[in-house]
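Enquirer: Produce the complete structure using the sequences and hints provided.
Residue numbers (the working numbering), protein chains in the order written: chain F, -4 to 133; chain X, -4 to 133; chain U, -4 to 133; chain D, -4 to 133.
None of these hints come from the bench; they were simulated from the model.
Careful: at least some of the hints might be erroneous.
[Unchecked claim] Restricting the straight-line Cα-Cα distance to at most 25 Å, the calculated cross-link-like pairs of lysine to any residue (SDA-like) are:
(1) D/K98 to F/R28
(2) D/K98 to D/S26
(3) F/K101 to U/A69
(4) U/K101 to F/L70
(5) F/K83 to X/G66
(6) F/K101 to U/G41
(7) U/K101 to X/L97
(8) U/K101 to F/G100
(9) D/K98 to X/A69
(10) U/K98 to U/I128
(11) F/K98 to D/R95
(12) U/K101 to X/P118
(13) F/K101 to D/A116
(14) F/K101 to U/R102
(15) F/K7 to F/D42
(16) F/K83 to X/I128
(17) U/K98 to X/A114
(18) F/K83 to X/G100
(19) U/K83 to X/L97
(20) F/K98 to D/A113
(21) D/K98 to F/P85
(22) U/K101 to U/K131
(23) F/K7 to X/K83
(24) U/K83 to D/V72
(25) U/K101 to D/D42
(26) D/K7 to U/A69
(27) D/K98 to F/S82
(28) U/K83 to X/S26
(29) U/K83 to X/A69
(30) U/K101 to D/T43
(31) X/K83 to F/P10
(32) U/K83 to X/K83
(33) F/K83 to X/A71
(34) U/K83 to X/L96
(35) U/K7 to D/G87
(36) X/K98 to U/R111
(37) X/K98 to U/G41
(38) U/K98 to X/G66
(39) F/K98 to D/G41
In this text the structure is predicted, and so the values were computed from the model without any measurement.
Residue-level listing of the chains:
Number of protein chains: 4
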Amino acid sequence: MTAAELEAFLRKEMPQLFRGSVTIEQADGRSCRVREGYHDGMLRPGDTISGPTLMALSDLAMYVVLLSAIGPVALAVTTSLTINFLSKAPAGHDLIAEARLLKLGKRLAVGEIVVRSAAGAEPVAHATCTYSIPPKRN
Amino acid sequence: MTAAELEAFLRKEMPQLFRGSVTIEQADGRSCRVREGYHDGMLRPGDTISGPTLMALSDLAMYVVLLSAIGPVALAVTTSLTINFLSKAPAGHDLIAEARLLKLGKRLAVGEIVVRSAAGAEPVAHATCTYSIPPKRN
Amino acid sequence: MTAAELEAFLRKEMPQLFRGSVTIEQADGRSCRVREGYHDGMLRPGDTISGPTLMALSDLAMYVVLLSAIGPVALAVTTSLTINFLSKAPAGHDLIAEARLLKLGKRLAVGEIVVRSAAGAEPVAHATCTYSIPPKRN
Amino acid sequence: MTAAELEAFLRKEMPQLFRGSVTIEQADGRSCRVREGYHDGMLRPGDTISGPTLMALSDLAMYVVLLSAIGPVALAVTTSLTINFLSKAPAGHDLIAEARLLKLGKRLAVGEIVVRSAAGAEPVAHATCTYSIPPKRN
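Expert: Take a look at the structure:
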């Protein structure tokens, strides 16, 4: 699927998660880049981007790179995620998540995600994520 | 802080995160129980509760048990979280997260969170979470 | 399998891992308790038990509780492990790991492990671990 | 510290961990590469490299890259590690771990480690690891 096809599919399939201004800038079956436009709902006390915002975006980027590899398998689900928060992402700036597949098996996929703020080059969060791929129904 | 005081503090400090119908049922400095009322925005394809919903609730429950131990330190921040999704949480039912502190140091706290659906007893997710405690300013 | 049968099976199948004085004190398909006798090879600078010692014991305890549930499936393998080191385990004392299954599926099992020093009650490490269960060959 | 100085320091400080034929091929304060020579003690049932071998090497590589950045601080300790096992590492071949620092703070460092078998290019394991840096004593 092209990045545009994937974006259209996700906006239709999962409006609750593909919220706000999430756009897929690139996705090629090995890696992807997803941008989430800033909005005040992302903040936590201290006026930095909240952990849940970064976790949700990491999980979404993993889903995007996985589907760009295996096609529109909407029922692929997260089995686990580990995230390290590295630096504060400041209010007012978009978030950019880059995900790449570390392993793509028949039943499990593992990926790595780095999230940056559009405000600077250093990563604000790093995550690894495992997805379960449901068996095909013919 | 009592559960009620904590709830009032959090509703005021972090309206973006203490959303919807989140209530603190119990919090005593060692463990806590937090309930999030069901709403359709929690869903993902397949009509089960989304990973981000469970991640956000786990992180919030950790924050609640931590503040119940150290007081209203709003700027305590998540440094890392690992979550395993164990079973599907069905649409239509509240979520209940129970968190307990595994370690409370001067600068780092580590906790464990189990999330269940009000629909059944088995855990839908299990997480461990580390928070950084900022130094006191006198 | 009883704890004694499991211990005999593991000593035979995996002499490299079931080393030293590892004994299975309890294992019942839901939880287990494994003790590793202290030896100086466990140490790191600072005279505390090394991370790798605690990681290996956590992984072993998960393997033990899993096999106590599904039988002598030697080829079950770890897919992931997350460990938090909570306090220093002092030199000179045995380690005791307690593992319990959080989820037992057909292909994946998830468990939680707490490791303590025989010297005190507080946990020195907490881990979650996922194992892959190979398909049966008839 | 150069790779050679670091290797000499570690062989002296931690003989239990810097075992066998571990060599530091490169270490520059940002990344490092560590090789562990194959030996039969690495194996588990199925004749593949055991999880504990890969976990210990990942932790060691993180320690090496950290000390290459901050100097011979032997008492830096692991606070957490998450590892995903991606493919089987075959018997008979050395292991090569490459670590890089994701974040270097005053008290915490976070790194990422990829382990490969000398037999092939694909990663056998991927880990993220957090170390605590003790305060300086003057």
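Enquirer: All hints are to be evaluated individually against the structure, with a verdict given for each.
Expert: Hint check results:
1. D/K98 to F/R28: OK: D/K98 and F/R28 at ~22 Å, within 25 Å.
2. D/K98 to D/S26: 12 Å, holds
3. F/K101 to U/A69: 22 Å, holds
4. U/K101 to F/L70: Distance ~18 Å between U/K101 and F/L70 Cα, so the pair holds.
5. F/K83 to X/G66: 23 Å, holds
6. F/K101 to U/G41: Distance of about 45 Å is beyond 25 Å: violated.
7. U/K101 to X/L97: With Cα atoms ~31 Å apart, U/K101 and X/L97 exceed 25 Å; violated.
8. U/K101 to F/G100: Given pair U/K101, F/G100 holds - Cα atoms ~17 Å apart, limit 25 Å.
9. D/K98 to X/A69: 24 Å, holds
10. U/K98 to U/I128: OK: U/K98 and U/I128 at ~12 Å, within 25 Å.
11. F/K98 to D/R95: Given that 25 Å is the threshold and the Cα spacing comes to 20 Å, the pair holds.
12. U/K101 to X/P118: Satisfied, since the Cα-Cα distance of roughly 17 Å is no more than 25 Å.
13. F/K101 to D/A116: Judged against 25 Å, a Cα distance of about 20 Å means the pair holds.
14. F/K101 to U/R102: 12 Å, holds
15. F/K7 to F/D42: Between F/K7 and F/D42 the Cα gap is close to 32 Å, so the pair fails against 25 Å, i.e. violated.
16. F/K83 to X/I128: 15 Å, holds
17. U/K98 to X/A114: 17 Å, holds
18. F/K83 to X/G100: 22 Å, holds
19. U/K83 to X/L97: Given pair U/K83, X/L97 holds - Cα atoms ~14 Å apart, limit 25 Å.
20. F/K98 to D/A113: 18 Å, holds
21. D/K98 to F/P85: 17 Å, holds
22. U/K101 to U/K131: Holds - the C-alpha atoms of U/K131 and U/K101 are around 10 Å apart, at most 25 Å.
23. F/K7 to X/K83: Distance of about 22 Å is within 25 Å: holds.
24. U/K83 to D/V72: Satisfied, since the Cα-Cα distance of roughly 10 Å is no more than 25 Å.
25. U/K101 to D/D42: 24 Å, holds
26. D/K7 to U/A69: 37 Å, violated
27. D/K98 to F/S82: 8 Å, holds
28. U/K83 to X/S26: This hinted pair holds, its Cα atoms lying about 23 Å apart.
29. U/K83 to X/A69: 29 Å, violated
30. U/K101 to D/T43: 23 Å, holds
31. X/K83 to F/P10: 19 Å, holds
32. U/K83 to X/K83: At roughly 37 Å apart (the allowed maximum being 25 Å), X/K83 and U/K83 break the hint.
33. F/K83 to X/A71: Between F/K83 and X/A71 the Cα gap is close to 12 Å, so the pair holds against 25 Å.
34. U/K83 to X/L96: The given pair, whose Cα atoms are some 17 Å apart, holds under the 25 Å limit.
35. U/K7 to D/G87: Judged against 25 Å, a Cα distance of about 21 Å means the pair holds.
36. X/K98 to U/R111: 13 Å, holds
37. X/K98 to U/G41: 21 Å, holds
38. U/K98 to X/G66: 35 Å, violated
39. F/K98 to D/G41: 21 Å, holds
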